[in-house]
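Number of protein chains: 2
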Amino acid sequence: MTANAPSPALSSISFNADGLVAAIAQQHNTGEVLMLAWMNAESVEETLRTGQVCYFSRSRGKLWRKGETSGQIQSLVEMRIDCDGDALLLLVDQKGVACHTGRRSCFYTAMRDGKLTEIAAPSVDPEILYNRT
Amino acid sequence: MTANAPSPALSSISFNADGLVAAIAQQHNTGEVLMLAWMNAESVEETLRTGQVCYFSRSRGKLWRKGETSGQIQSLVEMRIDCDGDALLLLVDQKGVACHTGRRSCFYTAMRDGKLTEIAAPSVDPEILYNRT
Chain A
1 MTANAPSPAL SSISFNADGL VAAIAQQHNT GEVLMLAWMN AESVEETLRT
51 GQVCYFSRSR GKLWRKGETS GQIQSLVEMR IDCDGDALLL LVDQKGVACH
101 TGRRSCFYTA MRDGKLTEIA APSVDPEILY NRT
Chain B
1 MTANAPSPAL SSISFNADGL VAAIAQQHNT GEVLMLAWMN AESVEETLRT
51 GQVCYFSRSR GKLWRKGETS GQIQSLVEMR IDCDGDALLL LVDQKGVACH
101 TGRRSCFYTA MRDGKLTEIA APSVDPEILY NRT
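The listed protein sequences correspond, in order, to chains A and B.
Taking our numbering, the leading residue of the first sequence gets 1, the next gets one more, and so forth.
Taking our numbering, the leading residue of the second sequence gets 1, the next gets one more, and so forth.
Treat the hints as calculated values from the structure; they're not laboratory data.
Partner residues are not named here, just some residues of chain B that face chain A (Cβ under 8 Å, in silico):
#1 Q26
#2 L36
#3 F107
#4 A110
#5 K115
For every residue, glycine included, the Cβ atom is placed at its ideal position computed from N, Cα and C.
Excised from the complex, chain A in its bound form (with noise of 0.2 Å):
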């Protein structure tokens, strides 16, 4: 493969209508499932390429490389596609923490009890990570 051919990762990914894919990011050596979210085919390409995760922002409409903003990266060990193609499993190194509150997952709300708990505190102040200096 010439580092300008496409991946072969694209023509096993099912794109939806709007050309995205859902992308889970997994820290790869706990486990842990940090979040989910969408790439496009360029941003599948940059993180192969790069490997930094790009994702697709849907509210903002453009490439979203993970952590530019608040510095909290997110190293690519491997993509992995599921059986229909439809979604992305991405083993990752995190640096910090995932979730845009400062928690070190998105997923910090469980049902117990039938009632909606919080689980986990955020590990650093939004502030710091979105007005660095």
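Dock chain B against chain A, hints included.
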């Protein structure tokens, strides 16, 4: 909460335009990510009520009680909701295999050395799963 009251989970979930939310299934005690599927409000309610995971099949356009054909059921250990409510993490106890190909996880194809590589073989013949007598 009475038996028929809507779960508080529902008010925290941002279903998409099709009334669906992405749900990651993870084996609760090993951390293995098994699959990604979709749920609607009814399947979320049923899953919480029965403790057996029920998805919504986009291809069949109806509730999909995981394992109803194959016997490979998922028992819910805990449901978690992400920070913006548009993804669920289901900690489950998977009976047998999650994937219709007979593999434990649907994420059995990895990008390694620039190539797609199958990293897990079926542990059960799908013929046996879907043609049970």
